[in-house]
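2 protein chains.
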Amino acid sequence: MQGFRKVCLFAAVFVFGVALATTAAQAADPLPSWNDGPAKQSIIAFVEKITRTGSSDFVPIADRIATFDNDGTLWAEQPMYVQLFFVLDRVNALAPQHPEWKEKEPFASLLKGDVKAALAGGEKALLEIAMATHAGMTSDEFEKIVKDWLVTAKHPVTKRPFTEMVYQPMLELLTYLRENGFKTYIVSGGGVEFMRPWTQNVYGIPPEQVIGSSIKTRFEIRDGNPVLVRLPELNFVDDKAGKPVGIHSHIGRRPLAAFGNSDGDLEMLQWTAAGSGPRFCLFVHHTDAEREWAYDRQSPFGRLDKGLDEAAAKGWTVVDMKRDWNKIYP
Amino acid sequence: MQGFRKVCLFAAVFVFGVALATTAAQAADPLPSWNDGPAKQSIIAFVEKITRTGSSDFVPIADRIATFDNDGTLWAEQPMYVQLFFVLDRVNALAPQHPEWKEKEPFASLLKGDVKAALAGGEKALLEIAMATHAGMTSDEFEKIVKDWLVTAKHPVTKRPFTEMVYQPMLELLTYLRENGFKTYIVSGGGVEFMRPWTQNVYGIPPEQVIGSSIKTRFEIRDGNPVLVRLPELNFVDDKAGKPVGIHSHIGRRPLAAFGNSDGDLEMLQWTAAGSGPRFCLFVHHTDAEREWAYDRQSPFGRLDKGLDEAAAKGWTVVDMKRDWNKIYP
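Chains as they are written, first to last, in the working numbering: chain A, 1 to 330; chain B, 1001 to 1330.
In short, the hints are calculated from the structure, not lab data.
Any given hint might turn out to be false.
[Unchecked claim] Every beta carbon over 12 Å from chain B, so not counted as near; a handful from chain A, in silico: (1) Lys49; (2) His155; (3) Glu290.
[Claimed, not checked] Lysine-lysine pairs mimicking DSS-like chemistry, simulated, CA-CA at most 30 Å apart: (4) Lys1306/B <-> Lys1327/B; (5) Lys124/A <-> Lys1327/B; (6) Lys322/A <-> Lys159/A; (7) Lys1124/B <-> Lys1144/B; (8) Lys1216/B <-> Lys216/A; (9) Lys240/A <-> Lys1144/B; (10) Lys314/A <-> Lys124/A; (11) Lys1116/B <-> Lys1102/B; (12) Lys1144/B <-> Lys49/A; (13) Lys216/A <-> Lys1049/B; (14) Lys1159/B <-> Lys1147/B; (15) Lys159/A <-> Lys144/A; (16) Lys124/A <-> Lys104/A; (17) Lys1154/B <-> Lys1322/B; (18) Lys49/A <-> Lys306/A; (19) Lys1102/B <-> Lys1112/B; (20) Lys1112/B <-> Lys306/A; (21) Lys144/A <-> Lys124/A; (22) Lys1049/B <-> Lys1116/B; (23) Lys1049/B <-> Lys144/A; (24) Lys1144/B <-> Lys314/A; (25) Lys147/A <-> Lys159/A; (26) Lys314/A <-> Lys159/A; (27) Lys102/A <-> Lys116/A; (28) Lys1314/B <-> Lys144/A; (29) Lys1240/B <-> Lys144/A; (30) Lys240/A <-> Lys1216/B; (31) Lys216/A <-> Lys1306/B; (32) Lys216/A <-> Lys1240/B; (33) Lys1322/B <-> Lys1306/B.
Glycine included, every Cβ here is placed at the ideal spot set by N, Cα and C.
Work the whole structure out from these sequences, hints included.
Now the structure itself:
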C-alpha cells in the first residue's frame, strides 16, 4: 500500500501542477489590444463555448472555419483601397509603353492623379484599368510585381508601408482563433493574386486560404517552360453575393464564424449565420476619426449601411473601433 | 560532478531510447501494398530527400503540396467514370418528371441504358445530361443526393460499393505523404460537389482540399433562408490544361508532387515538374486485366498516350499496376 500511496501522491501533485499551469495559460489575455466590453466578451464566450469538450455546442476542429474580409477588416481601406494605389503606381510605371493613355480615359485622369475622375467611368473604367495593370504577364511575373511594389509603397497619410496598416486587434484575433483550432481564411473582394504574395507573412494565412476576385489564366508552354498567362478577362467577383459562392467553391463548407466591415460582407455573414448550431458574426465599425477613419452609411469605400441594421436586428457583434480597441496598428 | 554525470547518463539513455524507437518506426513499411521495385523506391527516396533537415533538397512543410487525380488514380474508372453511373441513375430517377425525355436524345438512349449512344452526341450531349442531373437544386440538396446514392449504388462488375473501388496502395501513399507533412489535394476532372461529400471518409481529404469541375451557383434568400442554387451553366472544367489553372486558382502555389493516370493529368505533371528544386511526378499505368483493367493508349476513359511518352522521356515514375501492387482494393 505504501508504494501505491506514493504513486497516488505523485499523481496528485502532477495533476495539480498541470492544472495550475493551465489556469496560468488561460489567465493570460489572448486579446490584449481589445478593451474589456461586449465585443471582446462575445468573441471569447463563443470560442470557449464551441471548444468545450462534451458540451452540446462543441464543434469538431475540422469544422472550425473562420472567414475574414480584408479591406477595412484586417487592414485600412481609406482614403481608398490599397489595390487602387497599386493600380495607380502601375499605370504610371507602364505609361511610357502606352503613349496613347495621355489622351484616353480612364488612363488620362489616372496619370494626372485624379482617381475620382478616372472612376467616374464606373465599372467599365475600373475593369479597363484592372486589366491593363493586372493582365498580360505570367502568374510568376505578377507575383514579383506585387512583392516589389509592397517593399517601397507607402500610405499617403501615415507614410507607413501598407502591410503595417493592419489592425493589431485583428492579428490577435486571428492568432487566438488558430490557437483554438480554427482554420482562418481571407474572403476579399480584392484580387486573390494581389493578396497571396504577402498574407502568410502579415496575417499568418497561407495562399491556399485566400479567396478573392480573379481574372482568367491560361496554361501555356513557352520555350519549353509551362507558364500561366494572366488574361484580360474577368473570372470571378468575390464581393457581396459572390462571397458565399466563393466560400462554397473554395472551401466546400460553411464558416463557423465570419468577420467583415461593410455591406460587401453582408451575404457572407448571412450565409454563416444560417448554418446549424452556434455561429458567430462580427462587423468592424470604423468609428475612430482620430486614430483611423470614421465612416459607415455614406462611404464610397467600405460602406456599412444595411449591415449595421441587420447586425442590430440579429444580435451580431459590432466592434466600435474607438471604444473597443486600445491599439489600432502594430 | 557526480550529479552532472548522472544527468548526462540519463540524457544518453533517453536519447538512445528515442533513437531506437525512431528506428523501429522507420523500419515499419509505410507502403505494404507496394512491391519492392523502382516505383516504390522512387517514392520513398523522394520523401526521404525532401524531409531531411539540413539537406539542400529539404522542403519546408508549408510547401509540401501533393495533388492527386481521382478517376483511375485513386479509384477505378472502368467500364466508365463513376460519375456517369450516377448520372444514369439520376436520369432514371428523374424520368417520371420528364416524360419528354423518352423521345429526346441524349436522354432517350440513356433511359434505354445505352450510354454509348447517348455520348455519341459529344460534348453538347454530355453537358445537357450533366445540367439536367446536377443543376436546379440547392448545394445542400445536391450533397444529400450524392450521399444517398453512394449508400446503395454498386459497381456493375464487382458489385462492390464504388467507395470500396479505391486503390489500397494509393490510400497508403496518401497516409505516408501526410505523415511526412504533405497536404494532399484531389485535382479531378470530376465534379467538385460530387466528390466533396465523401473524400474525407474515403481518402482522409477534407472538402477544402478537393478541386474539380464545377457549374455556377447563385446566392439567394428563399423564405428568409440563404441558399446556393446550382445553375445549369458550366463554371470550370478541371481537366488537361485546366488542372494547372485550377491548382493555381485554388492553392496559389505549385505542387511538390503530382499523381495521375491519364493524358488529362499531363499538364498538371508538367506544371509540377517545372518548379524549382526537387519535384515528383507519377503516372499509374493500368496493366492488370485480371485484378482490375488493362488500358492505356486507346481507352475512351483514362487514355494514357502522350503521358506515357513524356514520362519515359523525363524519367517520371510509372507504376505498373500488375507488377508494383500486391493488392488493388482494400
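Hints and how they fare:
Annotated as non-interface, Lys49/A keeps its C-beta farther than 12 Å from every C-beta of chain B; the closest such distance is 23 Å. The beta carbon of His155/A sits about 25 Å from the closest Cβ of chain B, which is more than 12 Å, so the claim that it is off the interface holds. Annotated as non-interface, Glu290/A keeps its C-beta farther than 12 Å from every C-beta of chain B; the closest such distance is 37 Å. For the given pair, Lys1306/B sits about 27 Å from Lys1327/B by alpha-carbon distance, which is consistent with the 30 Å threshold.
At roughly 58 Å between alpha-carbon atoms, Lys124/A and Lys1327/B are farther apart than 30 Å, so this suggested pair is violated. Pair hint Lys322/A plus Lys159/A holds up; C-alpha atoms about 22 Å apart against a cutoff of 30 Å. With a C-alpha separation of about 27 Å, the suggested pair Lys1124/B and Lys1144/B falls inside the 30 Å cut-off, and the hint holds. The hinted pair formed by Lys1216/B and Lys216/A meets the criterion: a straight-line CA distance of about 15 Å does not exceed 30 Å.
About 27 Å separates the Cα atoms of Lys240/A and Lys1144/B, which keeps this hinted pair within 30 Å; it holds. Proximity of Lys314/A to Lys124/A is assessed by CA-CA distance (about 36 Å); at most 30 Å being required, the pair is judged violated. Between Lys1116/B and Lys1102/B the alpha-carbon distance is near 17 Å, which keeps this suggested pair within the 30 Å criterion. Restraint check for Lys1144/B and Lys49/A: satisfied, since their Cα atoms lie roughly 29 Å apart, inside the 30 Å limit.
With a CA separation close to 36 Å, the supplied pair Lys216/A and Lys1049/B exceeds the 30 Å bound. A distance of roughly 18 Å separates the Cα atoms of Lys1159/B and Lys1147/B; the hinted pair therefore holds under the 30 Å criterion. Proximity of Lys159/A to Lys144/A is assessed by CA-CA distance (about 23 Å); at most 30 Å being required, the pair is judged to hold. Note on Lys124/A and Lys104/A: the hinted pairing holds, with a Cα-Cα distance of about 14 Å set against a maximum of 30 Å.
Of the supplied pair hints, the one linking Lys1154/B and Lys1322/B holds, its CA atoms being roughly 24 Å apart against a limit of 30 Å. Between Lys49/A and Lys306/A the CA atoms are separated by roughly 29 Å; this keeps the pair inside 30 Å, and the hint holds. For a cut-off of 30 Å, the pair hint linking Lys1102/B to Lys1112/B stands: about 9 Å separates their Cα positions. With a C-alpha separation of about 53 Å, the suggested pairing of Lys1112/B with Lys306/A is violated against the 30 Å cut-off.
For the hint linking Lys144/A to Lys124/A, the alpha-carbon distance of about 27 Å falls within 30 Å, and the restraint holds. A threshold of 30 Å between alpha carbons decides the hint, and for Lys1049/B with Lys1116/B the separation of about 47 Å lies outside it, so the pair is violated. Straight-line distance between C-alpha atoms of Lys1049/B and Lys144/A comes to about 29 Å, which keeps the hinted pair within the 30 Å bound. Between the alpha carbons of Lys1144/B and Lys314/A the distance comes to roughly 29 Å, so the proposed pair stays at or under 30 Å and holds.
At roughly 18 Å between alpha-carbon atoms, Lys147/A and Lys159/A fall within 30 Å of each other, so this suggested pair holds. In summary, the hint linking Lys314/A to Lys159/A is not supported, as the alpha carbons are separated by about 39 Å, beyond the 30 Å threshold. As the CA atoms of Lys102/A and Lys116/A are separated by approximately 17 Å, the hinted pair is consistent with the 30 Å bound. Note on Lys1314/B and Lys144/A: the hinted pairing holds, with a Cα-Cα distance of about 29 Å set against a maximum of 30 Å.
Pair hint Lys1240/B plus Lys144/A holds up; C-alpha atoms about 27 Å apart against a cutoff of 30 Å. Note on Lys240/A and Lys1216/B: the hinted pairing holds, with a Cα-Cα distance of about 16 Å set against a maximum of 30 Å. For the given pair, Lys216/A sits about 26 Å from Lys1306/B by alpha-carbon distance, which is consistent with the 30 Å threshold. Restraint check for Lys216/A and Lys1240/B: the C-alpha separation of about 16 Å stays at or below 30 Å, so the hint holds.
Pair hint Lys1322/B plus Lys1306/B holds up; C-alpha atoms about 21 Å apart against a cutoff of 30 Å.
Checked against the numbered hints above, the structure violates hints 5, 10, 13, 20, 22, 26; every other hint is satisfied.
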